[in-house]
Amino acid sequence: MRNDAVNEAEIIARICAGERELFHTLILPYERTVYLTVLSLLKSEAEAEDAAQDAFVKAYRHLKTFRADSRFSTWLISIALNEARSRLRKSNRVPIESLEGFQEEHEGDFTPALLTDWREIPSEALERRELQATLRTAVEELPLIYRQVFVLRDLEERDANETADLLGISCNLVKVRLHRARMMLQKRLVPALRSLAPRRGLLGRKSWS
Amino acid sequence: MELNCKHVWRYISDYLDDSVDPELRADIERHLEHCELCSAVLDSTRNILVLTADDRTFVLPVGFSERLHARLNQEFMLQEE
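As they're listed, the protein sequences go chains A and B. First residue of the first sequence: 1, per the working numbering; consecutive thereafter. First residue of the second sequence: 1001, per the working numbering; consecutive thereafter.
These are computed hints drawn from the structure, not numbers from a lab. Glycine residues also receive a C-beta, built at the ideal position from the N, C-alpha and C atoms. Keep in mind that a hint or two might mislead.
[As the list claims (entries may be wrong)] Okay, derived cross-link-like pairs now, DSS-like style, lysine-lysine, Cα gap no bigger than 30 angstroms in a straight line: (1) K90/A with K1006/B; (2) K90/A with K43/A; (3) K90/A with K64/A; (4) K187/A with K175/A; (5) K64/A with K1006/B; (6) K90/A with K187/A.
[To be verified] Pulled a few chain A residues facing chain B out of the computed Cβ check, cut under 7 angstroms: (7) C16; (8) H179; (9) V190.
[Claimed, not checked] One side of the interface only, derived from the structure: several residues of chain A facing chain B at Cβ under 8 angstroms: (10) F23; (11) E49; (12) Q53; (13) K64; (14) L135; (15) I169; (16) C171.
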């Protein structure tokens, strides 16, 4: 981690000194991160690709303003978030999403989907497009405030502090929203995945119950 | 402390992130030993997180990198002019 930051600082200095081709190397580890960040707000793949490109171009143009006291990833993701937010604003898509804030946060316990015959879905099953689509839709349909935290923490693997910085919320709120997001996914996906699970085991269980 | 199921559900996320203190972790694990329901909730949540985070679930559009780097090369040229 530390080494990465040192290497990045060196690469950034060299790009600013004229070795612009190195920008390709600098952003390589973040292509997916930036894309997922904008996709989490914009939802459309085509628009997300445009927004991701614009975000990288902006990052390149403003690279000289990057200060090494913050993480490059944080800086880059915040550019991506701004790009996506400004597209939402321009097309008036903000108000609908912000209504979701009303069902916030601390009140009440959340009841997960309850069942005792859960059978693990192995990662190999992801070769099935049906399963991929079911998972994607469930994430895309999380309310925005939960989706943003979930995407940053669980898909992009940003830590709680970085996520809090990026979203301008407290670390504690990141935890609360992440918990909610995960439980919402569990509740929604458990019944859906159960019907996608291989049949053999379920029948086996039924036959001796 | 004896935990009930609702208690355990409240801490599932922290438990998965290994951010509960050792005492609470031990209480949760004691509960999980005899509660089939909570074990299933924990296992299914963990499984869902593994599946959603898998690179195959959210993939970059085909040709994304190529188009991005072509666009950046254009940008480099613009700056040279």
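Is the hint on H179/A kept, meaning its closest Cβ partner in chain B is under 7 angstroms away?
-> For H179/A, the interface hint holds, since the closest Cβ of chain B sits about 4 angstroms away, which is under 7 angstroms.
Given hint C16/A near chain B, where the shortest CB pair must fall under 7 angstroms | Nearest chain B Cβ about 12 angstroms off; hint violated.
Is the hinted pair K90/A and K64/A satisfied, with a Cα-Cα distance of at most 30 angstroms?
-> 28 angstroms, holds
Would you check whether Q53/A satisfies its interface hint, that is, whether its CB is within less than 8 angstroms of any CB in chain B?
-> 5 angstroms, holds
Against chain B, with CB atoms and a cut of 8 angstroms, does the hint on I169/A hold up?
-> 16 angstroms, violated
Keeping to a limit of 30 angstroms between CA atoms, is the pair of K90/A and K187/A held or broken?
-> Distance of about 34 angstroms is beyond 30 angstroms: violated.
Was the hint right that K64/A lines chain B, CB cutoff 8 angstroms?
-> 12 angstroms, violated
Satisfaction of hint between K1006/B and K90/A, Cα-Cα up to 30 angstroms | 43 angstroms, violated
30 angstroms Cα cutoff - pair K64/A, K1006/B | 51 angstroms, violated
Does the interface hint hold: is E49/A within less than 8 angstroms of chain B, judged Cβ to Cβ?
-> Given a least distance of 6 angstroms, the restraint on E49/A holds.
At a threshold of 8 angstroms, is the proposed contact between F23/A and chain B supported by beta-carbon distances?
-> Result: holds, 6 angstroms to nearest chain B Cβ.
Per the CB criterion, is C171/A less than 8 angstroms away from chain B?
-> Given a least distance of 11 angstroms, the restraint on C171/A is violated.
Hint violations for this structure: numbers 1, 5, 6, 7, 13, 15, 16, all remaining hints satisfied.
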